[in-house]
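Just so you know, we're using our numbering here: the sequence shown kicks off at 43 and counts up by one.
For each label pair, taking beta carbons as the anchor points, the in silico distance ranges come out as:
#1 E47 / Q80: 28 to 38 Å
#2 A45 / G77: 29 to 39 Å
#3 E47 / H84: 28 to 38 Å
#4 A55 / V87: 11 to 21 Å
#5 F86 / K57: 11 to 21 Å
Here are the simulated lysine to any residue pairs, SDA-like style, with alpha carbons at most 20 Å apart:
#6 K68 / Q80
#7 K57 / V87
#8 K57 / S74
#9 K57 / E44
#10 K68 / D85
#11 K68 / V87
#12 K68 / H79
#13 K68 / H84
Since the hints were made in silico from the structure, they are not lab data. The structure presented is a predicted model; accordingly, all values stated were derived computationally and were not measured. Beta carbons: idealized from backbone N, C-alpha and C, even for Gly.
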Amino acid sequence: MEAYETLIEAIEALKNQGYTTDFNIKENLLHSTDGAHQLLHHDFVIE
Numbered sequence: 043m044e045a046y047e048t049l050i051e052a053i054e055a056l057k058n059q060g061y062t063t064d065f066n067i068k069e070n071l072l073h074s075t076d077g078a079h080q081l082l083h084h085d086f087v088i089e
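Based on the sequences and whatever the hints tell you, model everything.
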C-alpha cells in the first residue's frame, strides 16, 4: 500500500486508478458528493 504525504496526493492517485466518486460522512451514512449514493456501514468494504 502506498503512503502519501498529503490528502491531495492520495485523492489524485485514486482518481488515476479509476475511482470517480467522492464520499462524505454525514450522520451514520456515507453520502456521495453527487447525491447518487447513500451507504450504511454494511454496504461497503474499505480495502
